[in-house]
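In order, the protein sequences belong to chains A and B.
Using my numbering, the letters of the first sequence map in sequence onto residues 446 to 777.
Using my numbering, the letters of the second sequence map in sequence onto residues 446 to 777.
Read the hints as simulated data drawn from the structure, not as lab findings.
Be aware that a few hints might be false.
Identical chains blur together in the list; that is why a pair holds if it fits in one copy or across any two.
To be verified - Computed cross-link-like contacts, DSSO-like style, restricted to lysine-lysine with a CA-CA straight-line distance of at most 27 Å:
| no. | residue 1 | residue 2 |
| --- | --- | --- |
| 1 | 748 | 534 |
| 2 | 637 | 534 |
| 3 | 631 | 621 |
| 4 | 697 | 521 |
| 5 | 451 | 493 |
| 6 | 451 | 631 |
| 7 | 704 | 748 |
| 8 | 534 | 631 |
| 9 | 637 | 585 |
| 10 | 632 | 521 |
| 11 | 534 | 451 |
| 12 | 748 | 697 |
Keep in mind the model is a prediction, meaning the values are calculated, not measured.
Protein chains: 2
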Amino acid sequence: MSEWRKDPIVGRWVIISSERGKRPSDWANEPNAKGGGFCPFCPGNESKTPPEIMALRELTNERDVGGWTIRVIPNKFPAVNIEGEVNPKGYGNFDMMNGVGAHEVIIETPNHAYDLSDLSINEIEKIMLVYRNRIDELTKDPRFRYVLIFKNHGVAAGASLEHSHSQIIAIPIVPKRVSEELEGSKKFYQFKKRCIYCDVIKQEVATQLRVVSMTENFLTIEPYAPRFPFETWLLPLNHYSHFERMPEFMYKETASALKDALSRINLALGYPPFNFILHSSPIQDENLFHYHWHIEIIPKLTKVAGFEWGSGFYINSTSPESAAEYLTNIIQ
Amino acid sequence: MSEWRKDPIVGRWVIISSERGKRPSDWANEPNAKGGGFCPFCPGNESKTPPEIMALRELTNERDVGGWTIRVIPNKFPAVNIEGEVNPKGYGNFDMMNGVGAHEVIIETPNHAYDLSDLSINEIEKIMLVYRNRIDELTKDPRFRYVLIFKNHGVAAGASLEHSHSQIIAIPIVPKRVSEELEGSKKFYQFKKRCIYCDVIKQEVATQLRVVSMTENFLTIEPYAPRFPFETWLLPLNHYSHFERMPEFMYKETASALKDALSRINLALGYPPFNFILHSSPIQDENLFHYHWHIEIIPKLTKVAGFEWGSGFYINSTSPESAAEYLTNIIQ
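Just chain A, same shape as in the assembly (with noise of 0.2 Å):
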C-alpha cells in the first residue's frame, strides 16, 4: 500500500510506493571511475583556470601555482556574471534583470583520485571553513541577497569534470525553494514559538524510525517525506539559522557528520552519483528563530519524469525508515 506524505517544512506532498521498492544493491550506477585526460583542476594546471580568488597554501604566498590544499576560482563557464548591476526590466508580461551574480569553484583536494568521503576530518573541515569564509566575503557585496553551495558528483549528477570540487553562486534573489522553507517554518514558528525543524529533531531522536546517525552535535536522518530514495538530511542539533554564524567548533563537527553520511550512503549504493546542497538562511537577514540550517544529500538513483516535472510532486520508491535501516547497519 503506498502512501501520500506530507514535508512538514514547505507542505510538499510525497507518494512513498514501497511496491515499487528495490533493495540498494538493485541500483545500477552509471560508472564513476576516474578517467584519464587533461585535468585543469589538477595541480600544475593553474594557468588552465581563471585567476584563483584563493587558496589555503602552507610553503609559499604566490599565487596560480602548485602546493594547495584548496583552491577557490571563478567558475570558467559562469552561469551569472560578477559584473554589472541588477537592473530590472520590464517588456509588457514579461520581467527581467541582468545576470548578476558570482559563480566560483571549490577544488577540494589537489589529489585527482580522491572524493570527498577519503578526505580526513580535518580535511573536509577546512572546507567547511573555506565555505564559511567565502560567504562572509560575499555578504560584502550588497548586490547580493543569498549564496547557495552546492556539490554535482558524478556525470548524473550533473558534473562535467570529475576532480572532487563544489560550487558556490551568490545571487541577488532568494531562490523559491529556500523561501518555500522560510515561509513554512516562519508559519509553524507564528503558530507555536517554536522551529520546526527543531521539532522534527526532537520527534525524529524520539522515535529512532528514520535516524542514520547521532553525534553530540548532529543528527542524520533520512526525512519524512523524501523526494528520492535514500535523500538524507543533516542538522545541527542546536539552532542556528546561519552555517557561517556558528561557533569555530561546529565546522569539525559538520565535516565529521558529512564525511560520515556519504561513506554510508557510497558503501549501501556503492558509490552513487550524488548532489548535495547546504541550505542556510539569507546573507543580509539577522538571526532567524524560525530557519534551521542543514545540508540535503540527493543520491541520483532515480530519473525525474513527466509526473514530477508535471505536478512538482514526488514518487519514491524507498521509504525512508527502510533506507535508514540500511544506512544504520552499513559496517565502516
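Got chain A sorted already, so can you dock chain B onto it with the hints?
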C-alpha cells in the same frame, strides 16, 4: 551576458546563460533505438498486462485480445492504489494519507516501431479523445481532484518501456505545480480581469520572437522563461480552462499541433528523449476565466543538478529566441 527572466505565471526565475549555449547538433543523446526482446504492450501479449480498462477495436467487442489501435490498462506497478479511502492521519509533526489514486497507461499504437510523432494526425486525434474520455470517467470518482496526463519518452526521460505510451494519474490533491499556476493566473485575473495566458499569446503573436508555429487554433512557442533548452509550449488560441471541455474539432487541432511540434524537435535535436505534460484545470472545478490549459514539452537534454535542487531556479544555456529560430526553420 546572462540574464534573469521571470515566468509571468508562476513567478519562477530562470537564468538564461547563452554563453554556455550549444547548437542543437551539440546535444549528445543517449541512443533511443528500439531494441528487441519481449514487449508486454505489443499485440498478442494482452494477457501479460492487467485487464484492460478500455480499447479501440473495430472488428470485435472482445477484451484483452489483439486488433486494437489504442489500449488503456492499469499500470502494473502503480504509484497509487485505486482502492480505499484517503483517510488523512497525523503523527506529531508529520501528516500522511493513503496513496489513493488511479494510475493508467495508454498504449498509443499497436506498432512497436512507431513513436507518437510517426502516427497520422487522425491517429493522434484518437489518442486525444481517449485522454478526454478517461478524464471524464475519472471525474465521476469523487475522491479525485486532479487528473495528470503525461508522457515519458526514452530512457533518459524516465520511460521504462519503449513501446510508445502515455500515462494518467488521478489523485486526491491538486499538484503543487498546478496550484502555483492557478494562483499566479488568478492573481493576474483579479488585478486585470484578463487571462495571463491569453495576454502572453497576444504578446508572442505580436513580437513573433518566440513563435515556433501557428495555425488558426493553436500557437506553439518557446516560453519567455524556459527552464530547459527547447522547452516548448502548445496553447489553444481561444480560452479553454479544461482540456476535456473543448468543442469536438479542437482535438484534431491539438493532435496536429502536437505532431508538428514533436516532429520539429525530433528533426532539430535528433529524436531526443522528452517528457510532455498536459496542464489542465482541476477536474471538479467549474470553467475558469483565469486558467488556460496547455501542453508543455521538455526535451531531456541536460541534467538537473545541485543548483536547481537547491534553489528551485533553473540555468538554461539556450535562449528561447534562438531555439524558436531553429525550430521554425526546420523543413519537414
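### Query
27 Å Cα cut-off: does residue 631 pair with residue 621 within a copy, between copies, both or neither?
both (15 Å within a copy, 19 Å between copies)
### Task
Please work out whether the CA atoms of residue 637 and residue 534 approach to 27 Å or closer within one copy, between two copies, in both situations, or in neither?
Classified as between: cross-chain Cα gap 20 Å, same-chain 40 Å, threshold 27 Å.
### Message
Within, between, both or neither: how does the pair residue 637, residue 585 come out at a Cα-Cα threshold of 27 Å?
### Response
This pair counts as neither: shortest intra-copy Cα distance 34 Å, inter-copy 40 Å.
### Query
27 Å Cα cut-off: does residue 632 pair with residue 521 within a copy, between copies, both or neither?
For residue 632 and residue 521, neither the intra-copy (40 Å) nor the inter-copy (40 Å) Cα distance is at most 27 Å.
### Task
Measure nothing new, just compare the shortest in-copy and cross-copy C-alpha distances for residue 534 and residue 451 to 27 Å and report within, between, both or neither.
between (37 Å within a copy, 11 Å between copies)
### Query
With identical chains treated as interchangeable, where does the CA-CA distance between residue 451 and residue 631 reach 27 Å or less: within a copy, between copies, both, or neither?
both (17 Å within a copy, 25 Å between copies)
#### Entry: Identical-chain pair category, residue 534 with residue 631, by Cα at 27 Å
Classified as between; 23 Å across copies, 31 Å inside a copy.
### Message
Regarding residue 451 and residue 493, is the shortest C-alpha distance of 27 Å or less found within a copy, between copies, in both, or in neither?
### Response
neither (47 Å within a copy, 35 Å between copies)
### Message
As a check of your reading, is residue 697 near residue 521 (CA-CA no more than 27 Å) within one copy, between copies, both or neither?
### Response
Answer is neither: 30 Å inside a copy and 48 Å across each miss the 27 Å cutoff.
### Query
Within a copy, between copies, both or neither: where do residue 704 and residue 748 come within 27 Å Cα-Cα?
Answer is both; intra-copy 26 Å and inter-copy 25 Å each pass.
### Task
If the cutoff is 27 Å on CA atoms, where do residue 748 and residue 697 land: within, between, both or neither? Let me know, please.
neither (34 Å within a copy, 32 Å between copies)
### Intra/inter-copy verdict for residue 748 and residue 534 if alpha-carbon distance must be at most 27 Å
Classified as neither: same-chain Cα gap 36 Å, cross-chain 30 Å, threshold 27 Å.
Taken one by one, the earlier hints fail for this structure at numbers 1, 4, 5, 9, 10 and 12, listed in ascending order.
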